[in-house]
Amino acid sequence: MSIDTDPLELLEAVERVYPSLSVEAKSELRLSIDSLSKRLETPWEITKRIVWQEPCIKACIYTLIDLGVFQRWTDAGAEVQSPEDLCRDTTCDPLLLDRLLHNLAANNLLINRGPGKYAMTEFAKSLAKPDQKAAYCYSRRIQSRMLDQLPSYLRERKYSLTSSTSRSTAFSQAFRTDDTFFVYLSKHPDLEKSFALCMQGVSESMESWVNIYPTEQLVQDKEDRQLEVVLVDVGGGIGHDINAFQRKHRMQSGRLILQDSAKVLKQAKVEPNIDVMPHDFFRPQTVKARAYYLHSILHDWPDDEACAILKNLKSVMSCDSIILLHELVKDCPMTSRTATWMDITMLAAFNSRERNLDEWQILAERAGLKMTGHSCHPDTPYSIIKLELATNNICGPEEIYSG
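Heads up: the sequence shown begins at 2 in my numbering, then just goes up one per residue.
It is worth saying that the hints were derived from the structure and are not from the lab.
Check the hints yourself; a few may be wrong.
[Claimed, not checked] With a cut-off of at most 27 Å between alpha-carbon atoms, the simulated DSSO-like pairs for lysine-lysine come out as follows:
id: 1; residue 1: Lys159; residue 2: Lys126
id: 2; residue 1: Lys194; residue 2: Lys27
id: 3; residue 1: Lys27; residue 2: Lys39
id: 4; residue 1: Lys264; residue 2: Lys130
[As the list claims (entries may be wrong)] Simulated restraints, written as ranges between beta carbons of each label pair:
id: 5; residue 1: Lys289; residue 2: Gly78; range: 31 to 37 Å
id: 6; residue 1: Arg168; residue 2: Asn109; range: 41 to 47 Å
id: 7; residue 1: Asp281; residue 2: Val15; range: 48 to 54 Å
id: 8; residue 1: Arg40; residue 2: Glu80; range: 35 to 41 Å
id: 9; residue 1: Asp149; residue 2: Thr43; range: 24 to 30 Å
id: 10; residue 1: Asn109; residue 2: Asp149; range: 44 to 50 Å
id: 11; residue 1: Arg146; residue 2: Ala120; range: 30 to 36 Å
id: 12; residue 1: Pro8; residue 2: Lys126; range: 46 to 52 Å
id: 13; residue 1: Tyr19; residue 2: Lys59; range: 22 to 28 Å
id: 14; residue 1: Arg158; residue 2: Thr6; range: 50 to 56 Å
Virtual Cβ for every residue (Gly too), placed ideally from N, Cα, C.
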(Lines of atoms letter the chains of each structure in order from A and count residues from 1; the text may use other names and numbers.)
(Lines give C-alpha, C1' and ligand atoms only; values in the text may rest on other atoms or scores of the structure.)
Protein backbone atom coordinates (compact mmCIF):
# COMPACT_ATOMS: atom_id res chain seq x y z
CA MET A 1 0.00 0.00 0.00
CA SER A 2 1.58 3.30 -1.06
CA ILE A 3 2.24 6.15 1.31
CA ASP A 4 -0.12 8.44 -0.61
CA THR A 5 -3.11 6.11 -0.21
CA ASP A 6 -6.35 7.94 0.50
CA PRO A 7 -6.83 7.88 4.32
CA LEU A 8 -10.51 7.07 3.85
CA GLU A 9 -9.55 4.00 1.82
CA LEU A 10 -7.32 2.92 4.69
CA LEU A 11 -10.22 3.24 7.12
CA GLU A 12 -12.48 1.22 4.81
CA ALA A 13 -9.82 -1.51 4.65
CA VAL A 14 -9.62 -1.59 8.45
CA GLU A 15 -13.40 -1.90 8.68
CA ARG A 16 -13.39 -4.82 6.25
CA VAL A 17 -10.78 -6.87 8.12
CA TYR A 18 -12.00 -5.99 11.63
CA PRO A 19 -14.58 -8.82 11.98
CA SER A 20 -11.92 -11.45 11.25
CA LEU A 21 -9.50 -10.23 13.93
CA SER A 22 -9.01 -11.87 17.32
CA VAL A 23 -10.47 -10.20 20.39
CA GLU A 24 -6.98 -9.15 21.46
CA ALA A 25 -6.21 -7.66 18.02
CA LYS A 26 -9.54 -5.83 17.99
CA SER A 27 -8.78 -4.31 21.38
CA GLU A 28 -5.31 -3.19 20.28
CA LEU A 29 -6.74 -1.72 17.08
CA ARG A 30 -9.42 0.24 18.94
CA LEU A 31 -6.81 1.62 21.35
CA SER A 32 -4.59 2.64 18.43
CA ILE A 33 -7.46 4.34 16.61
CA ASP A 34 -8.49 6.15 19.78
CA SER A 35 -4.91 7.25 20.41
CA LEU A 36 -4.65 8.55 16.85
CA SER A 37 -7.96 10.38 17.19
CA LYS A 38 -6.73 12.14 20.35
CA ARG A 39 -3.51 13.18 18.61
CA LEU A 40 -5.46 14.59 15.67
CA GLU A 41 -7.72 16.70 17.88
CA THR A 42 -6.68 20.17 18.95
CA PRO A 43 -6.67 20.96 22.69
CA TRP A 44 -9.91 22.90 22.36
CA GLU A 45 -11.54 20.08 20.39
CA ILE A 46 -10.71 17.71 23.25
CA THR A 47 -12.04 20.20 25.80
CA LYS A 48 -15.29 20.72 23.90
CA ARG A 49 -15.78 16.96 23.66
CA ILE A 50 -15.22 16.37 27.38
CA VAL A 51 -17.06 19.44 28.70
CA TRP A 52 -20.03 19.61 26.33
CA GLN A 53 -20.31 16.79 23.82
CA GLU A 54 -20.08 13.74 26.07
CA PRO A 55 -22.36 15.09 28.86
CA CYS A 56 -24.97 15.97 26.22
CA ILE A 57 -24.84 12.44 24.82
CA LYS A 58 -25.53 11.01 28.27
CA ALA A 59 -28.36 13.48 28.89
CA CYS A 60 -30.01 12.47 25.62
CA ILE A 61 -29.65 8.75 26.37
CA TYR A 62 -31.08 9.22 29.89
CA THR A 63 -34.09 11.05 28.46
CA LEU A 64 -34.73 8.55 25.66
CA ILE A 65 -34.57 5.66 28.12
CA ASP A 66 -37.01 7.46 30.43
CA LEU A 67 -39.36 7.90 27.46
CA GLY A 68 -39.09 4.21 26.61
CA VAL A 69 -38.03 5.08 23.06
CA PHE A 70 -35.60 2.22 22.55
CA GLN A 71 -38.05 -0.33 23.95
CA ARG A 72 -40.88 0.88 21.68
CA TRP A 73 -38.53 0.98 18.71
CA THR A 74 -37.47 -2.61 19.33
CA ASP A 75 -41.05 -3.75 19.89
CA ALA A 76 -42.19 -2.08 16.65
CA GLY A 77 -39.79 -4.23 14.63
CA ALA A 78 -39.32 -1.45 12.07
CA GLU A 79 -35.74 -0.62 11.12
CA VAL A 80 -36.40 3.04 10.29
CA GLN A 81 -38.55 5.24 12.51
CA SER A 82 -39.46 8.91 12.61
CA PRO A 83 -39.88 11.06 15.73
CA GLU A 84 -43.62 11.04 15.04
CA ASP A 85 -43.63 7.23 15.03
CA LEU A 86 -41.72 7.05 18.29
CA CYS A 87 -43.83 9.72 20.03
CA ARG A 88 -47.07 7.79 19.74
CA ASP A 89 -48.75 7.17 23.09
CA THR A 90 -46.47 9.70 24.80
CA THR A 91 -46.71 13.39 25.61
CA CYS A 92 -43.33 14.05 24.00
CA ASP A 93 -43.18 16.74 21.33
CA PRO A 94 -41.87 15.20 18.06
CA LEU A 95 -39.64 18.23 17.52
CA LEU A 96 -38.01 17.66 20.90
CA LEU A 97 -37.54 13.96 20.20
CA ASP A 98 -35.98 14.77 16.83
CA ARG A 99 -33.39 16.96 18.57
CA LEU A 100 -32.51 14.17 21.00
CA LEU A 101 -32.26 11.55 18.25
CA HIS A 102 -30.27 13.86 16.00
CA ASN A 103 -27.68 14.32 18.74
CA LEU A 104 -27.10 10.57 18.93
CA ALA A 105 -27.00 10.25 15.15
CA ALA A 106 -24.41 13.03 14.94
CA ASN A 107 -22.28 10.98 17.34
CA ASN A 108 -22.72 7.76 15.33
CA LEU A 109 -24.91 6.12 17.97
CA LEU A 110 -27.90 6.14 15.61
CA ILE A 111 -28.01 6.11 11.80
CA ASN A 112 -29.53 9.12 10.03
CA ARG A 113 -31.55 7.92 7.03
CA GLY A 114 -32.63 11.35 5.86
CA PRO A 115 -34.57 14.24 7.42
CA GLY A 116 -36.51 12.93 10.40
CA LYS A 117 -35.64 9.29 9.69
CA TYR A 118 -33.45 7.20 11.98
CA ALA A 119 -32.23 3.61 12.20
CA MET A 120 -30.75 1.88 15.22
CA THR A 121 -27.14 0.82 15.60
CA GLU A 122 -26.29 -2.31 17.61
CA PHE A 123 -25.54 -0.02 20.53
CA ALA A 124 -28.94 1.66 20.30
CA LYS A 125 -30.65 -1.75 20.19
CA SER A 126 -28.86 -2.69 23.40
CA LEU A 127 -30.46 0.25 25.21
CA ALA A 128 -33.74 -1.66 25.29
CA LYS A 129 -32.13 -4.36 27.46
CA PRO A 130 -32.64 -4.25 31.25
CA ASP A 131 -28.94 -4.36 32.12
CA GLN A 132 -28.07 -1.46 29.80
CA LYS A 133 -30.99 0.63 31.06
CA ALA A 134 -29.86 -0.13 34.61
CA ALA A 135 -26.31 0.99 33.79
CA TYR A 136 -27.54 4.43 32.73
CA CYS A 137 -29.79 4.67 35.78
CA TYR A 138 -26.75 3.91 37.95
CA SER A 139 -24.65 6.43 36.01
CA ARG A 140 -27.15 9.23 36.44
CA ARG A 141 -28.11 8.64 40.06
CA ILE A 142 -24.86 7.35 41.59
CA GLN A 143 -21.72 7.43 39.45
CA SER A 144 -21.98 10.97 38.09
CA ARG A 145 -22.93 12.41 41.46
CA MET A 146 -20.07 10.85 43.42
CA LEU A 147 -17.47 11.65 40.75
CA ASP A 148 -18.63 15.27 40.65
CA GLN A 149 -17.97 15.35 44.40
CA LEU A 150 -14.50 13.77 44.20
CA PRO A 151 -12.43 16.94 43.50
CA SER A 152 -13.97 18.77 46.49
CA TYR A 153 -13.58 15.70 48.69
CA LEU A 154 -9.88 15.37 47.86
CA ARG A 155 -9.23 19.10 48.24
CA GLU A 156 -10.80 19.15 51.72
CA ARG A 157 -8.48 16.32 52.75
CA LYS A 158 -5.46 18.13 51.31
CA TYR A 159 -5.08 15.33 48.78
CA SER A 160 -4.11 12.79 51.43
CA LEU A 161 -5.78 9.41 51.87
CA THR A 162 -4.10 8.50 55.14
CA SER A 163 -7.20 9.30 57.22
CA SER A 164 -9.77 8.08 54.69
CA THR A 165 -12.00 5.10 55.41
CA SER A 166 -14.74 3.21 53.61
CA ARG A 167 -17.28 5.28 55.59
CA SER A 168 -15.79 8.65 54.67
CA THR A 169 -15.76 8.85 50.89
CA ALA A 170 -16.66 11.12 48.03
CA PHE A 171 -19.79 8.97 47.75
CA SER A 172 -20.80 9.48 51.39
CA GLN A 173 -20.13 13.21 51.08
CA ALA A 174 -22.15 13.50 47.87
CA PHE A 175 -25.12 11.67 49.40
CA ARG A 176 -24.70 13.16 52.89
CA THR A 177 -24.73 9.78 54.57
CA ASP A 178 -22.66 7.88 57.10
CA ASP A 179 -23.54 4.64 55.34
CA THR A 180 -21.08 2.80 53.16
CA PHE A 181 -21.91 2.42 49.47
CA PHE A 182 -23.58 -0.97 49.77
CA VAL A 183 -25.45 -0.17 52.98
CA TYR A 184 -26.86 2.93 51.31
CA LEU A 185 -27.97 0.88 48.29
CA SER A 186 -29.64 -1.66 50.58
CA LYS A 187 -31.83 1.15 51.93
CA HIS A 188 -32.83 2.21 48.40
CA PRO A 189 -34.13 -0.95 46.67
CA ASP A 190 -34.56 0.71 43.27
CA LEU A 191 -30.90 1.74 43.21
CA GLU A 192 -29.81 -1.63 44.55
CA LYS A 193 -31.73 -3.40 41.78
CA SER A 194 -30.26 -1.12 39.10
CA PHE A 195 -26.74 -1.70 40.40
CA ALA A 196 -27.22 -5.48 40.49
CA LEU A 197 -28.59 -5.54 36.93
CA CYS A 198 -25.77 -3.30 35.76
CA MET A 199 -23.11 -5.54 37.31
CA GLN A 200 -24.78 -8.62 35.82
CA GLY A 201 -24.53 -7.03 32.38
CA VAL A 202 -20.88 -6.13 32.91
CA SER A 203 -20.09 -9.72 33.95
CA GLU A 204 -21.94 -11.23 31.01
CA SER A 205 -20.10 -8.95 28.57
CA MET A 206 -16.71 -10.36 29.62
CA GLU A 207 -14.90 -13.66 29.26
CA SER A 208 -16.14 -16.11 31.89
CA TRP A 209 -13.77 -17.00 34.68
CA VAL A 210 -14.07 -20.68 33.78
CA ASN A 211 -12.19 -19.86 30.57
CA ILE A 212 -9.44 -17.99 32.45
CA TYR A 213 -8.65 -20.47 35.22
CA PRO A 214 -8.29 -24.25 34.70
CA THR A 215 -11.37 -25.15 36.72
CA GLU A 216 -10.93 -28.81 35.76
CA GLN A 217 -8.39 -28.95 38.58
CA LEU A 218 -11.12 -28.25 41.13
CA VAL A 219 -13.23 -31.11 39.79
CA GLN A 220 -10.27 -33.51 39.78
CA ASP A 221 -9.32 -32.45 43.28
CA LYS A 222 -12.89 -33.07 44.41
CA GLU A 223 -12.76 -36.63 43.10
CA ASP A 224 -9.32 -37.30 44.57
CA ARG A 225 -9.71 -35.74 47.99
CA GLN A 226 -13.39 -36.33 48.70
CA LEU A 227 -14.05 -32.86 50.07
CA GLU A 228 -17.71 -32.21 50.65
CA VAL A 229 -17.82 -28.75 49.07
CA VAL A 230 -15.97 -27.97 45.85
CA LEU A 231 -16.68 -24.26 45.46
CA VAL A 232 -18.13 -21.40 47.48
CA ASP A 233 -18.92 -18.26 45.47
CA VAL A 234 -18.46 -15.60 48.17
CA GLY A 235 -20.52 -12.45 47.59
CA GLY A 236 -21.56 -14.01 44.30
CA GLY A 237 -24.67 -11.93 43.67
CA ILE A 238 -27.41 -13.68 41.74
CA GLY A 239 -25.17 -16.54 40.64
CA HIS A 240 -23.72 -15.64 37.24
CA ASP A 241 -20.25 -17.08 37.94
CA ILE A 242 -21.15 -20.22 39.85
CA ASN A 243 -23.75 -21.00 37.18
CA ALA A 244 -20.98 -20.84 34.58
CA PHE A 245 -18.96 -23.35 36.61
CA GLN A 246 -21.92 -25.71 36.93
CA ARG A 247 -22.81 -25.48 33.23
CA LYS A 248 -19.22 -26.42 32.38
CA HIS A 249 -18.75 -29.27 34.86
CA ARG A 250 -22.28 -30.45 35.77
CA MET A 251 -21.31 -31.43 39.27
CA GLN A 252 -23.38 -34.32 40.55
CA SER A 253 -21.39 -35.21 43.64
CA GLY A 254 -20.26 -32.63 46.13
CA ARG A 255 -21.78 -29.21 46.56
CA LEU A 256 -21.58 -25.77 45.07
CA ILE A 257 -22.63 -22.87 47.31
CA LEU A 258 -23.61 -19.33 46.40
CA GLN A 259 -23.27 -16.83 49.26
CA ASP A 260 -24.54 -13.28 49.47
CA SER A 261 -27.03 -11.28 51.52
CA ALA A 262 -30.49 -12.77 51.93
CA LYS A 263 -31.99 -9.88 49.95
CA VAL A 264 -29.69 -10.45 46.97
CA LEU A 265 -30.16 -14.21 47.03
CA LYS A 266 -33.92 -13.77 46.59
CA GLN A 267 -33.13 -12.65 43.03
CA ALA A 268 -30.76 -15.56 42.33
CA LYS A 269 -31.58 -18.07 39.60
CA VAL A 270 -29.16 -20.95 39.99
CA GLU A 271 -28.47 -24.17 38.14
CA PRO A 272 -29.43 -27.52 39.74
CA ASN A 273 -27.17 -28.75 42.57
CA ILE A 274 -26.21 -25.23 43.65
CA ASP A 275 -27.16 -24.29 47.21
CA VAL A 276 -27.73 -20.70 48.27
CA MET A 277 -26.62 -19.51 51.70
CA PRO A 278 -26.99 -16.04 53.24
CA HIS A 279 -23.60 -14.91 54.50
CA ASP A 280 -21.77 -11.70 55.42
CA PHE A 281 -18.12 -11.98 54.38
CA PHE A 282 -17.13 -9.72 57.28
CA ARG A 283 -18.10 -12.60 59.55
CA PRO A 284 -16.12 -15.86 59.86
CA GLN A 285 -16.75 -18.30 57.04
CA THR A 286 -18.65 -21.39 58.18
CA VAL A 287 -18.15 -23.69 55.19
CA LYS A 288 -15.04 -25.80 54.65
CA ALA A 289 -14.41 -26.06 50.92
CA ARG A 290 -11.84 -26.83 48.29
CA ALA A 291 -12.08 -23.34 46.76
CA TYR A 292 -13.49 -19.94 47.67
CA TYR A 293 -14.16 -17.69 44.69
CA LEU A 294 -14.49 -13.89 45.02
CA HIS A 295 -15.33 -11.85 41.92
CA SER A 296 -14.52 -8.14 42.22
CA ILE A 297 -15.07 -8.17 45.98
CA LEU A 298 -11.74 -7.02 47.41
CA HIS A 299 -11.32 -4.08 45.03
CA ASP A 300 -14.34 -2.56 46.79
CA TRP A 301 -12.46 -2.36 50.08
CA PRO A 302 -9.37 -0.62 51.48
CA ASP A 303 -6.57 -2.88 52.70
CA ASP A 304 -7.83 -3.25 56.29
CA GLU A 305 -11.27 -4.49 55.27
CA ALA A 306 -9.92 -6.57 52.38
CA CYS A 307 -7.51 -8.25 54.78
CA ALA A 308 -10.36 -8.98 57.21
CA ILE A 309 -12.37 -10.67 54.43
CA LEU A 310 -9.42 -12.90 53.57
CA LYS A 311 -8.77 -13.76 57.22
CA ASN A 312 -12.40 -14.85 57.62
CA LEU A 313 -11.82 -17.35 54.81
CA LYS A 314 -8.42 -18.41 56.08
CA SER A 315 -9.95 -19.43 59.41
CA VAL A 316 -11.69 -22.46 57.83
CA MET A 317 -9.20 -23.34 55.10
CA SER A 318 -7.37 -26.66 55.10
CA CYS A 319 -3.99 -27.22 53.48
CA ASP A 320 -5.87 -28.31 50.34
CA SER A 321 -8.02 -25.17 50.15
CA ILE A 322 -7.49 -22.26 47.78
CA ILE A 323 -8.92 -18.78 47.31
CA LEU A 324 -9.52 -17.56 43.77
CA LEU A 325 -9.70 -13.77 43.37
CA HIS A 326 -11.25 -12.62 40.09
CA GLU A 327 -9.88 -9.09 39.91
CA LEU A 328 -8.16 -6.51 37.76
CA VAL A 329 -4.38 -6.62 38.00
CA LYS A 330 -3.11 -3.19 37.02
CA ASP A 331 0.17 -4.30 35.48
CA CYS A 332 -1.31 -6.95 33.16
CA PRO A 333 -1.20 -6.16 29.40
CA MET A 334 -4.97 -6.04 28.75
CA THR A 335 -5.81 -4.06 31.87
CA SER A 336 -4.37 -0.55 31.65
CA ARG A 337 -7.30 1.56 30.43
CA THR A 338 -10.03 -0.32 32.29
CA ALA A 339 -7.96 -0.25 35.46
CA THR A 340 -7.57 3.54 35.36
CA TRP A 341 -11.27 4.39 35.33
CA MET A 342 -12.09 1.55 37.69
CA ASP A 343 -9.39 2.79 40.06
CA ILE A 344 -10.92 6.28 40.23
CA THR A 345 -14.39 4.77 40.69
CA MET A 346 -13.09 2.69 43.61
CA LEU A 347 -11.51 5.82 45.09
CA ALA A 348 -14.77 7.77 44.93
CA ALA A 349 -17.06 4.99 46.13
CA PHE A 350 -14.97 3.14 48.69
CA ASN A 351 -11.59 4.83 49.22
CA SER A 352 -10.26 1.63 47.75
CA ARG A 353 -8.18 1.01 44.63
CA GLU A 354 -7.26 -1.39 41.89
CA ARG A 355 -4.05 -3.23 42.78
CA ASN A 356 -1.01 -4.41 40.86
CA LEU A 357 0.41 -7.89 41.33
CA ASP A 358 2.86 -6.84 44.04
CA GLU A 359 0.06 -5.15 46.00
CA TRP A 360 -2.10 -8.27 45.76
CA GLN A 361 0.81 -10.31 47.06
CA ILE A 362 1.40 -7.94 49.98
CA LEU A 363 -2.32 -8.07 50.87
CA ALA A 364 -2.28 -11.87 50.78
CA GLU A 365 0.78 -12.07 53.02
CA ARG A 366 -0.78 -9.68 55.49
CA ALA A 367 -3.73 -12.08 55.81
CA GLY A 368 -1.44 -15.08 56.36
CA LEU A 369 -1.77 -16.34 52.79
CA LYS A 370 0.53 -16.66 49.81
CA MET A 371 0.02 -16.15 46.10
CA THR A 372 0.68 -19.38 44.21
CA GLY A 373 -0.88 -18.68 40.83
CA HIS A 374 -1.93 -15.92 38.45
CA SER A 375 -4.18 -16.76 35.50
CA CYS A 376 -4.85 -14.33 32.67
CA HIS A 377 -6.56 -14.43 29.29
CA PRO A 378 -5.96 -12.26 26.19
CA ASP A 379 -9.67 -11.52 25.80
CA THR A 380 -10.29 -9.89 29.18
CA PRO A 381 -8.63 -7.33 31.46
CA TYR A 382 -9.45 -9.48 34.48
CA SER A 383 -7.22 -12.12 36.07
CA ILE A 384 -7.62 -14.99 38.52
CA ILE A 385 -5.24 -14.82 41.49
CA LYS A 386 -4.74 -18.06 43.40
CA LEU A 387 -4.04 -17.91 47.15
CA GLU A 388 -3.20 -20.66 49.63
CA LEU A 389 -2.29 -20.85 53.29
CA ALA A 390 1.15 -19.37 53.84
CA THR A 391 2.19 -22.44 55.84
CA ASN A 392 1.10 -24.87 53.11
CA ASN A 393 4.03 -26.39 51.24
CA ILE A 394 2.04 -29.02 49.37
CA CYS A 395 1.03 -27.11 46.26
CA GLY A 396 4.52 -26.39 44.96
CA PRO A 397 5.86 -23.33 43.13
CA GLU A 398 3.87 -20.46 41.69
CA GLU A 399 1.88 -21.27 38.58
CA ILE A 400 1.20 -18.95 35.64
CA TYR A 401 -1.68 -19.80 33.32
CA SER A 402 -2.69 -18.13 30.08
CA GLY A 403 -5.66 -18.89 27.92
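Do the hints match the structure? See the list:
1. Lys159 x Lys126: violated, 45 Å
2. Lys194 x Lys27: Violated: Lys194 and Lys27 sit about 33 Å apart, past 27 Å.
3. Lys27 x Lys39: Holds, at roughly 18 Å.
4. Lys264 x Lys130: Measuring from Cα to Cα gives roughly 23 Å; hence the hint holds.
5. Lys289 x Gly78: 31 to 37 Å: Between Lys289 and Gly78, where Cβ atoms are some 53 Å apart, the hint is violated.
6. Arg168 x Asn109: 41 to 47 Å: holds, 42 Å
7. Asp281 x Val15: 48 to 54 Å: holds, 50 Å
8. Arg40 x Glu80: 35 to 41 Å: Cβ of Arg40 to Cβ of Glu80: about 36 Å, so the range 35 to 41 Å holds.
9. Asp149 x Thr43: 24 to 30 Å: At 26 Å between Cβs, range holds.
10. Asn109 x Asp149: 44 to 50 Å: violated, 27 Å
11. Arg146 x Ala120: 30 to 36 Å: holds, 34 Å
12. Pro8 x Lys126: 46 to 52 Å: The hint (46 to 52 Å, Cβ to Cβ) is violated, given that Pro8 and Lys126 are roughly 30 Å apart.
13. Tyr19 x Lys59: 22 to 28 Å: holds, 26 Å
14. Arg158 x Thr6: 50 to 56 Å: holds, 53 Å
The structure fails to meet hints 1, 2, 5, 10 and 12 from the earlier list, while all remaining hints are met.
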